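The task is simple: from the sequences and hints, build the whole structure.
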Amino acid sequence: MLNAKLTVSTIAILTVSATAAAARDQVQVAGSSTVLPYASIVAESFGENFDFPTPVVESGGSSAGLKRFCEGVGENTIDIANSSRKIREGEVAACADAGVTDIIEVRIGYDGIVFASQIDGPAYTAFTEDHWYMALAEQVFMDGEITANPFTMWNEIDPSLPAAEIQAFIPGTKHGTREVFEEKVLLVGCENSGAIGGMILAGMSEDDAEDACMNVRTDGRSVDIDGDYTETLARIDANSNGVGVFGLAFYENNTDKLKVATMSGIAPSTETISTGEYPVSRPLYFYIKAAHIGVIPGLKEFASFFVADEIAGPDGPLAEYGLVSDPVLVETQIMIEAEETMGSGS
Amino acid sequence: MTDIIAEPEGGDRRKGSLLAQDTRTQKRNAAERRFQIYGMVAVSIAVLALVFLLTSIVSNGIGSFSQTFISLDVVLAEDKLDKTGSRDRTEMAKVSTFGYAPLIKAAIEDRIAAEGIEIDGLTKPDALISKEAAAQLRNFVLANTDRVGDTVEFKFLASGRIDGYYKGRVTMASAALDRNISPEQLMLADALKDAGALERTFNWDFITAPDASENRPEAAGLGVAILGSLYMMVVVLFLALPIGVAASIYLEEFAPKNFLTDVIEVNISNLAAVPSIVFGILGLAIFINFAGLPQSAPIVGGLVLTLMTLPTIIIATRASLKSVPPSIREAALGVGASKMQTVFHHVLPLAAPGILTGTIIGLSQALGETAPLLLIGMVAFVREYPGAPPEGFFDPASALPVQIYNWTTRSDPAFVERASGAIIVLLIFLLIMNIVAIILRRRFERRW
Chain A
1 MLNAKLTVST IAILTVSATA AAARDQVQVA GSSTVLPYAS IVAESFGENF
51 DFPTPVVESG GSSAGLKRFC EGVGENTIDI ANSSRKIREG EVAACADAGV
101 TDIIEVRIGY DGIVFASQID GPAYTAFTED HWYMALAEQV FMDGEITANP
151 FTMWNEIDPS LPAAEIQAFI PGTKHGTREV FEEKVLLVGC ENSGAIGGMI
201 LAGMSEDDAE DACMNVRTDG RSVDIDGDYT ETLARIDANS NGVGVFGLAF
251 YENNTDKLKV ATMSGIAPST ETISTGEYPV SRPLYFYIKA AHIGVIPGLK
301 EFASFFVADE IAGPDGPLAE YGLVSDPVLV ETQIMIEAEE TMGSGS
Chain B
1 MTDIIAEPEG GDRRKGSLLA QDTRTQKRNA AERRFQIYGM VAVSIAVLAL
51 VFLLTSIVSN GIGSFSQTFI SLDVVLAEDK LDKTGSRDRT EMAKVSTFGY
101 APLIKAAIED RIAAEGIEID GLTKPDALIS KEAAAQLRNF VLANTDRVGD
151 TVEFKFLASG RIDGYYKGRV TMASAALDRN ISPEQLMLAD ALKDAGALER
201 TFNWDFITAP DASENRPEAA GLGVAILGSL YMMVVVLFLA LPIGVAASIY
251 LEEFAPKNFL TDVIEVNISN LAAVPSIVFG ILGLAIFINF AGLPQSAPIV
301 GGLVLTLMTL PTIIIATRAS LKSVPPSIRE AALGVGASKM QTVFHHVLPL
351 AAPGILTGTI IGLSQALGET APLLLIGMVA FVREYPGAPP EGFFDPASAL
401 PVQIYNWTTR SDPAFVERAS GAIIVLLIFL LIMNIVAIIL RRRFERRW
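Protein chains in written order, with the numbering used here: chain A, 1 to 346; chain B, 1 to 448.
Hints should not be assumed to be uniformly reliable.
[Said to hold, decoys possible] In silico DSS-like pairs for lysine-lysine, Cα to Cα no more than 30 Å straight-line:
{"#": "1", "chain 1": "A", "residue 1": "Lys67", "chain 2": "A", "residue 2": "Lys174"}
{"#": "2", "chain 1": "B", "residue 1": "Lys80", "chain 2": "A", "residue 2": "Lys257"}
{"#": "3", "chain 1": "A", "residue 1": "Lys257", "chain 2": "B", "residue 2": "Lys193"}
{"#": "4", "chain 1": "B", "residue 1": "Lys155", "chain 2": "B", "residue 2": "Lys124"}
{"#": "5", "chain 1": "B", "residue 1": "Lys167", "chain 2": "B", "residue 2": "Lys105"}
{"#": "6", "chain 1": "A", "residue 1": "Lys184", "chain 2": "A", "residue 2": "Lys259"}
{"#": "7", "chain 1": "B", "residue 1": "Lys167", "chain 2": "A", "residue 2": "Lys257"}
{"#": "8", "chain 1": "B", "residue 1": "Lys94", "chain 2": "B", "residue 2": "Lys83"}
{"#": "9", "chain 1": "A", "residue 1": "Lys86", "chain 2": "A", "residue 2": "Lys67"}
{"#": "10", "chain 1": "B", "residue 1": "Lys80", "chain 2": "B", "residue 2": "Lys94"}
{"#": "11", "chain 1": "B", "residue 1": "Lys167", "chain 2": "B", "residue 2": "Lys193"}
{"#": "12", "chain 1": "A", "residue 1": "Lys300", "chain 2": "B", "residue 2": "Lys80"}
{"#": "13", "chain 1": "B", "residue 1": "Lys80", "chain 2": "A", "residue 2": "Lys259"}
{"#": "14", "chain 1": "B", "residue 1": "Lys94", "chain 2": "B", "residue 2": "Lys105"}
{"#": "15", "chain 1": "A", "residue 1": "Lys300", "chain 2": "B", "residue 2": "Lys124"}
{"#": "16", "chain 1": "B", "residue 1": "Lys155", "chain 2": "B", "residue 2": "Lys193"}
{"#": "17", "chain 1": "B", "residue 1": "Lys94", "chain 2": "A", "residue 2": "Lys300"}
{"#": "18", "chain 1": "B", "residue 1": "Lys27", "chain 2": "B", "residue 2": "Lys105"}
{"#": "19", "chain 1": "A", "residue 1": "Lys259", "chain 2": "B", "residue 2": "Lys167"}
{"#": "20", "chain 1": "B", "residue 1": "Lys83", "chain 2": "B", "residue 2": "Lys105"}
{"#": "21", "chain 1": "B", "residue 1": "Lys124", "chain 2": "B", "residue 2": "Lys193"}
{"#": "22", "chain 1": "B", "residue 1": "Lys257", "chain 2": "B", "residue 2": "Lys193"}
{"#": "23", "chain 1": "B", "residue 1": "Lys155", "chain 2": "B", "residue 2": "Lys83"}
{"#": "24", "chain 1": "B", "residue 1": "Lys80", "chain 2": "B", "residue 2": "Lys27"}
Keep in mind the hints are simulated off the structure, nothing from the lab.
Source: prediction; values computed, not measured.
Shown next as structure tokens:
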């Protein structure tokens with residue numbers, strides 16, 4: 001009986017305090033795990049320098065973040081979604097259906113994708129997109145016909161590559177990085193090597209040929225990593241022949257364990273990525289729910305602080321961690337100041 | 001047993017001597033010895049695995065409990081910190097942490113000059129100091145505006161790589177390849193250590209400080225995570241224990257045995273085996289989307305974990321109620337106690353040790369759970385401490401297992417050490433809870 005009374009009163013107290021504590025005073029951010037480190041660096045600095053509380057930053061992936069972002073407007077929905085890709089039209093429509101109509105798109109900078117291997121391993125120092133296509137495609141185009149990928153050693157593809165078994169660790173399909181890898185490496189390699197032309201001549205439609213270019217072999221020479229880069233690093237550590245796909249920031253924090261390869265002769269660095277010379281990079285974004293500006297304290301200030309020169313500029317802490325700063329950052333700053341939403345401006 | 005019954009001719013056994021074993025007995029004894037060996041092998045595999053796990057965690061994580069600090073005299077220059085000279089706090093707050101960084105750089109350069117340290121090719125001596133230092137300095141100045149213009153001694157955290165150097169994680173060879181630290185900077189650290197400016201001490205901040213971003217692993221602590229876990233455990237204890245005990249008393253002592261109670265019983269057992277992420281999905285749908293409770297809050301985490309712990313507590317409570325001998329109930333009823341008096345005056349006190357043990361085991365299970373927290377937004381970077389209860393239950397917080405998971409995914413190798421350190425802390429909490437459970441059982445248990 002005593003217990004029953006206790007339970008009833010506990011529930012009563014909870015309900016009362018739930019209504020009292022409804023007002024949220026900190027910014028809530030969720031989304032891409034690639035953007036997470038940057039967002040947490042900014043959140044930390046924001047909390048130190050402003051009288052607003054430190055924003056809460058969750059990870060979970062770009063798609064999951066945008067899905068939660070589009071759940072609606074209100075204090076129990078997130079204010080900012082981090083994304084390692086542009087928001088899709090379907091997501092904008094889903095947002096609009098739930099009443100999230102005004103979205104501010106902010107590009108914070110660029111992220112490079114690098115190919116690295118064990119520092120003492122075989123000399124993987126120079127790759128081209130063709131090498132990766134030939135090494136990882138399910139089917140390759142050779143001697144006028146489409147055959148299953150016959151390559152087992154890198155030097156069979158190009159004698160300049162080391163005589164080592166092909167063993168690649170690439171991001172799994174749930175990662176935004178995988179999409180970039182497929183489009184900017186495999187597809188480009190497929191086009192450059194002429195394989196796609198051959199496939200179309202052999203009777204494939206253009207779309208089918210493109211899909212075939214991006215199909216990765218499943219015989220174990222390419223391993224999908226669904227976890228984080230730390231998992232890829234652990235696999236590389238255990239396998240001296242392995243080559244892994246990493247973010248530039250991760251590589252720069254582990255330069256004592258990894259060596260990086262050039263892509264088509266260009267070494268990845270913040271400079272070569274910002275000029276666009278290094279081919280495999282992508283922009284990083286975050287999306288602000290405009291309806292929350294003025295409701296959630298500190299939201300606009302946080303967004304402005306994120307893209308301020310001292311944070312996201314070439315000498316700021318984000319660049320130090322590995323972000324390639326946006327050369328036209330000032331445009332983004334003006335856009336946030338004007339609260340320009342996606343439909344209205346660009 | 002079956003062997004004896006299967007014996008075709010019972011008389012055979014008497015032929016042998018009592019002292020000499022016949023083949024059948026030898027066979028049975030051998031089988032018993034084999035079984036014992038299997039058992040010992042199984043136990044030693046388990047013990048080996050445990051020892052391996054503990055040594056790897058402890059050897060990786062023990063370093064996180066101590067930290068390298070650098071003491072420096074910082075000149076709090078008025079022209080940088082308070083340009084108007086008004087000592088007005090709001091005016092001075094306009095100087096961000098970026099404005100404080102040059103003071104730290106000047107302080108370490110002064111120290112190098114004062115000690116007469118000369119190292120060829122040394123660049124960026126301020127890379128030795130954690131980026132947390134600027135925030136530490138700014139907080140001090142804003143709290144003591146009258147100290148501007150003075151020279152104050154500060155104890156700053158050394159950067160993660162320098163700290164790693166004294167813990168054996170970073171070497172001169174790896175520093176030569178490392179973009180974030182150079183061998184010259186390590187030489188400077190050694191020189192400062194000789195001069196007495198650099199020391200390694202026990203690191204309370206690891207237990208009390210909040211999480212830190214990826215640029216400053218040396219400053220990351222477990223404070224928010226421990227508080228968040230504590231709040232959730234309080235919620236679980238105050239909800240799951242009364243509900244669980246009430247439910248089991250009713251089911252065990254009062255409810256009629258019919259089809260309905262059978263269905264409930266089966267479902268409670270089933271619920272105990274449901275993957276914990278399912279409770280997270282439920283929590284998101286009911287507590288956040290329907291009831292409108294805030295995200296990332298310990299109250300939601302606690303409610304979700306309550307649902308998860310309930311079956312464990314109900315099963316344990318019912319088992320301990322069942323183990324109270326019927327004679328106790330009959331005796332109480334015999335002297336005229338009502339059914340309820342019997343239960344609350346006699347059965348429940350005797351079942352209490354079992355109920356408490358079950359509750360603590362349920363709690364320790366809940367303490368280590370991450371999956372259901374993923375969906376309710378508690379797997380997050382949270383730096384603000386939640387407030388005092390009851391409002392604090394609604395503030396964002398992290399949890400111990402979540403913090404471990406977060407740290408293992410970060411790129412700076414210093415976080416690996418931190419994650420192992422956090423595992424040690426979590427294991428200590430679990431150990432304490434289990435010891436309490438054992439003590440309670442020992443002290444209150446009665447045997448019949």
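- Message: Check whether the Cα positions of A/Lys259 and B/Lys167 lie no farther apart than 30 Å.
- Response: Roughly 24 Å between the alpha carbons, so the hint for A/Lys259 and B/Lys167 holds.
- Message: Does B/Lys193 sit within 30 Å of B/Lys155, going by the straight-line distance between their CA atoms?
- Response: Holds, at roughly 14 Å.
- Assess, step by step, whether the Cα of A/Lys300 is no farther than 30 Å from the Cα of B/Lys80, and give holds or violated. Distance of about 28 Å is within 30 Å: holds.
- Assess, step by step, whether the Cα of B/Lys94 is no farther than 30 Å from the Cα of B/Lys83, and give holds or violated. Between B/Lys94 and B/Lys83 the Cα gap is close to 10 Å, so the pair holds against 30 Å.
- Query: Is the Cα-Cα distance between A/Lys257 and B/Lys193 30 Å or less?
  - Reply: holds, 27 Å
- Query: A/Lys86 and A/Lys67: Cα distance at most 30 Å?
  - Reply: holds, 13 Å
- Take a quick look at whether B/Lys80 and A/Lys259 sit within 30 Å of each other, Cα to Cα. violated, 42 Å
- 30 Å Cα cutoff - pair B/Lys167, B/Lys193: Holds. B/Lys167 to B/Lys193 sits at ~14 Å (cutoff 30 Å).
- Task: Take the C-alpha atoms of B/Lys83 and B/Lys105, compute the straight-line distance between them, and say whether it is at most 30 Å.
- Result: holds, 20 Å
- Query: Within 30 Å, alpha carbon to alpha carbon, are B/Lys94 and B/Lys105?
  - Reply: holds, 20 Å
- Would the pair B/Lys80 and B/Lys27 pass a check requiring their Cα atoms to be no farther apart than 30 Å? Violated: B/Lys80 and B/Lys27 sit about 90 Å apart, past 30 Å.
- Message: Against the 30 Å threshold, does the CA-CA distance of B/Lys167 and B/Lys105 hold or violate the hint?
- Response: Roughly 25 Å between the alpha carbons, so the hint for B/Lys167 and B/Lys105 holds.
When each numbered hint is compared with the structure, violations occur for hints 2, 13, 15, 18, 22, 24.
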